[in-house]
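Single-letter residue listing:
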Amino acid sequence: MSWVKRLTQRKRAVVGLALVAAFVVMAVFAPWISPQDPLATSWSAVRKAPSAAHWFGTDEIGRDVLARVIWGARASLLAGVVSVSISLSVGVPIGMLAGYLGKWPDMLISRITDAMLACPFLILAIALAAFLGPSLVNAMVAIGIAATPVFIRLTRGQTLAVKVEDYIQAARAVGNSDLRIVVRHIFPNIAAPIIVQATLAIAAAVIAEASLSFLGLGQQPPAPSWGSMLNSAKNYVDNAPWMAVWPGLSIFLLVLSFNLLGDGLRDALDPRHV
Amino acid sequence: MGDFLLRRLAAIVPTLFFVSILIFGLQQLLPGDPATAMAGEDHDPEAIAYLRAKFHLDDPLPVRYGYWLKDVLHGDLGDSVRIQRPVAELIAEKLPVTLELAGLAMVIALAIGITAGVVSAVYRDSGWDVAANLFALWGISTPNFWLGILLILLFAVRLGWLPASGYVSPFEDLRANLASMIMPAFVLGNAFAAALMRHTRSAMLQVLSSDYVRTARAKGLSERSVVLRHALRNALTPVITLGALQLGELLSGAVLTEQVFSIPGFGKLVVDAVFNRDYLVVQGVVLFTATVYIALNLLADVAYFLVNPKMRT
Numbered sequence: 001m002s003w004v005k006r007l008t009q010r011k012r013a014v015v016g017l018a019l020v021a022a023f024v025v026m027a028v029f030a031p032w033i034s035p036q037d038p039l040a041t042s043w044s045a046v047r048k049a050p051s052a053a054h055w056f057g058t059d060e061i062g063r064d065v066l067a068r069v070i071w072g073a074r075a076s077l078l079a080g081v082v083s084v085s086i087s088l089s090v091g092v093p094i095g096m097l098a099g100y101l102g103k104w105p106d107m108l109i110s111r112i113t114d115a116m117l118a119c120p121f122l123i124l125a126i127a128l129a130a131f132l133g134p135s136l137v138n139a140m141v142a143i144g145i146a147a148t149p150v151f152i153r154l155t156r157g158q159t160l161a162v163k164v165e166d167y168i169q170a171a172r173a174v175g176n177s178d179l180r181i182v183v184r185h186i187f188p189n190i191a192a193p194i195i196v197q198a199t200l201a202i203a204a205a206v207i208a209e210a211s212l213s214f215l216g217l218g219q220q221p222p223a224p225s226w227g228s229m230l231n232s233a234k235n236y237v238d239n240a241p242w243m244a245v246w247p248g249l250s251i252f253l254l255v256l257s258f259n260l261l262g263d264g265l266r267d268a269l270d271p272r273h274v
Numbered sequence: 001m002g003d004f005l006l007r008r009l010a011a012i013v014p015t016l017f018f019v020s021i022l023i024f025g026l027q028q029l030l031p032g033d034p035a036t037a038m039a040g041e042d043h044d045p046e047a048i049a050y051l052r053a054k055f056h057l058d059d060p061l062p063v064r065y066g067y068w069l070k071d072v073l074h075g076d077l078g079d080s081v082r083i084q085r086p087v088a089e090l091i092a093e094k095l096p097v098t099l100e101l102a103g104l105a106m107v108i109a110l111a112i113g114i115t116a117g118v119v120s121a122v123y124r125d126s127g128w129d130v131a132a133n134l135f136a137l138w139g140i141s142t143p144n145f146w147l148g149i150l151l152i153l154l155f156a157v158r159l160g161w162l163p164a165s166g167y168v169s170p171f172e173d174l175r176a177n178l179a180s181m182i183m184p185a186f187v188l189g190n191a192f193a194a195a196l197m198r199h200t201r202s203a204m205l206q207v208l209s210s211d212y213v214r215t216a217r218a219k220g221l222s223e224r225s226v227v228l229r230h231a232l233r234n235a236l237t238p239v240i241t242l243g244a245l246q247l248g249e250l251l252s253g254a255v256l257t258e259q260v261f262s263i264p265g266f267g268k269l270v271v272d273a274v275f276n277r278d279y280l281v282v283q284g285v286v287l288f289t290a291t292v293y294i295a296l297n298l299l300a301d302v303a304y305f306l307v308n309p310k311m312r313t
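Protein sequence lines, in the order shown, are assigned to chains A and B. Residue numbering for the first sequence follows the numbering used here, beginning at 1 and increasing consecutively. Residue numbering for the second sequence follows the numbering used here, beginning at 1 and increasing consecutively.
If you're looking for bench data, these hints aren't it; they were derived computationally from the structure. Values in this document were obtained by computation on a predicted structure and should not be read as measured data. For each residue, glycine too, the CB sits at the ideal point set by N, CA and C. Incorrect hints may appear among the rest.
In silico lysine to aspartate or glutamate, DMTMM-like type, Cα no more than 20 Å apart, as pairs [claimed, not checked]:
| no. | chain 1 | residue 1 | chain 2 | residue 2 |
| --- | --- | --- | --- | --- |
| 1 | A | LYS11 | B | ASP125 |
| 2 | B | LYS94 | B | ASP173 |
| 3 | B | LYS54 | B | ASP71 |
| 4 | A | LYS103 | A | ASP178 |
| 5 | A | LYS11 | B | ASP272 |
| 6 | B | LYS94 | B | ASP272 |
If you want the ones that stay clear, here's a sample from chain B, every Cβ over 10 Å from chain A, calculated [to be verified]:
| no. | residue |
| --- | --- |
| 7 | LEU9 |
| 8 | ALA53 |
| 9 | TRP128 |
| 10 | ALA179 |
| 11 | LEU208 |
| 12 | ARG229 |
| 13 | LEU242 |
| 14 | GLY248 |
| 15 | GLY253 |
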């Protein structure tokens with residue numbers, strides 16, 4: 001049975017996949033499905049409760065919360081995908097290098113990885129974002145760098161396990177170069193756990209981006225971002241709770257969908273895990 | 001035990017060395033002249049001169065690192081440009097508040113996570129199991145700052161049972177202290193409880209199907225005794241490592257929780273420092289957190305060594 005079939009047999013994974021797809025559609029088609037301009041302010045509609053005109057209500061300067069939630073999906077998805085792509089493109093080659101070469105390169109890379117893992121993820125991301133300067137791009141870079149050691153460690157471990165397999169020895173015996181062995185023989189055999197980890201890392205990156213934006217270190221105002229929407233919402237909890245409910249619910253659903261999909265992929269790609 | 005400890009301590013040295021390089025390297029990310037950037041928007045010449053001298057900015061990079069490391073090893077993390085006080089002193093002042101918050105969060109997480117994990121494993125595939133798994137999914141998917149805002153809305157604004165924000169020292173008024181800390185502690189412990197539940201469930205499922213549990217049942221022991229005295233005790237061993245490592249994560253999560261509830265702890269110190277461009281404080285906090293994390297890792301290994309007889313053979 002193919003892994004796609006195993007994945008689609010898992011209800012939770014299908015729900016996760018459907019939700020991710022819905023958020024992607026929302027982000028891509030934001031200009032067409034957004035009911036209003038997310039940046040348009042209206043002093044006659046400040047902190048209005050949800051109504052027919054504004055389904056999710058309005059914020060402290062009269063902007064439509066639904067429009068900002070729809071456009072905010074772009075920042076969250078972009079941050080999740082771009083920062084994990086950074087982690088993958090840096091972490092996977094370095095991890096394979098460490099695992100394949102062993103000896104001092106492995107020792108050096110492992111110690112640097114340990115040092116990065118010793119700094120708690122969010123604190124490191126905050127520090128990097130603070131030193132790089134507050135912006136969505138820098139937040140993505142900061143999250144990407146902070147998440148890299150997990151991929152180095154995972155890839156290194158998987159490479160160590162695979163490189164002693166008979167088919168790798170055979171590939172070496174018939175004269176394949178090290179680069180070819182790593183790219184053509186090792187990588188395809190370690191890709192499954194990396195894909196699973198990447199999916200779960202997107203969930204963590206979405207929360208991290210929202211956290212940095214909540215602290216003012218991510219997407220800068222007035223551009224919409226769920227984290228920064230929650231930052232302003234916390235000042236109006238008593239008289240405009242809808243400002244906090246919708247962006248928070250959106251973060252929750254997007255993170256939940258990637259977690260469901262990640263769990264489903266792990267079961268589908270690694271039947272031993274079930 | 002002595003050999004084990006020595007080996008672990010020896011392994012920590014290179015990690016600490018690379019941590020120091022990483023944290024020193026943060027300064028190099030600053031655009032332009034580091035002294036001007038670190039002095040903040042005022043560009044106070046006195047502050048720039050202090051930073052230039054403090055970091056030996058006219059010297060080559062390796063020499064600057066040497067000076068910086070020497071100061072750090074003497075407990076000198078520099079002075080806050082904004083507050084004009086030593087960074088180490090500021091961290092020591094704010095730390096007890098965050099430790100109280102992290103400690104309470106840990107207690108809440110252990111109580112909820114272990115109970116839910118045990119119930120879920122013992123009643124596998126029942127309604128309890130489904131509920132506990134849903135709780136775990138909720139826990140790992142909820143941003144804690146959002147949960148904080150929702151709890152403020154419910155318990156402070158709507159019901160008026162708890163204060164929305166602020167901090168009261170336990171030495172001033174213990175009751176008021178607990179009232180101000182219970183919501184933040186729950187918010188901070190929520191994700192850890194979820195992770196703990198998953199780990200406890202999986203460890204319990206493994207232990208419950210082992211031979212010695214079957215033997216305990218065959219001997220006629222009550223199910224309660226089998227679960228609590230035989231299975232749980234062994235299932236909790238790996239949880240020790242997770243618990244110690246999570247305390248480091250709790251310190252990191254406290255940054256957001258303290259921001260939501262306006263708690264004047266270590267997390268608020270770092271956020272204020274970020275906005276005041278007080279980079280020495282940010283650097284000091286990262287260094288301190290990493291050192292605590294490494295120390296906790298060592299403690300976890302020692303505890304694991306002590307409780308797990310297999311490690312001693």
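Evaluated hints:
1. A/LYS11 with B/ASP125: holds (16 Å)
2. B/LYS94 with B/ASP173: Holds. B/LYS94 to B/ASP173 sits at ~18 Å (cutoff 20 Å).
3. B/LYS54 with B/ASP71: Holds - the C-alpha atoms of B/ASP71 and B/LYS54 are around 10 Å apart, at most 20 Å.
4. A/LYS103 with A/ASP178: holds (16 Å)
5. A/LYS11 with B/ASP272: violated (45 Å)
6. B/LYS94 with B/ASP272: OK: B/LYS94 and B/ASP272 at ~13 Å, within 20 Å.
7. LEU9: holds (14 Å)
8. ALA53: Nearest chain A Cβ is 21 Å from B/ALA53, so the label holds.
9. TRP128: holds (18 Å)
10. ALA179: holds (18 Å)
11. LEU208: Holds: least Cβ distance 18 Å, greater than 10 Å.
12. ARG229: Given that every Cβ of chain A is farther than 10 Å from that of B/ARG229, nearest at about 30 Å, it holds.
13. LEU242: The assertion about B/LEU242 holds, with a minimum of 14 Å to chain A.
14. GLY248: violated (5 Å)
15. GLY253: Not fine: 7 Å to the nearest Cβ puts B/GLY253 too close to chain A.
Figure legend: structure checked against the earlier numbered hints; hints not met, in rising order: 5, 14, 15.
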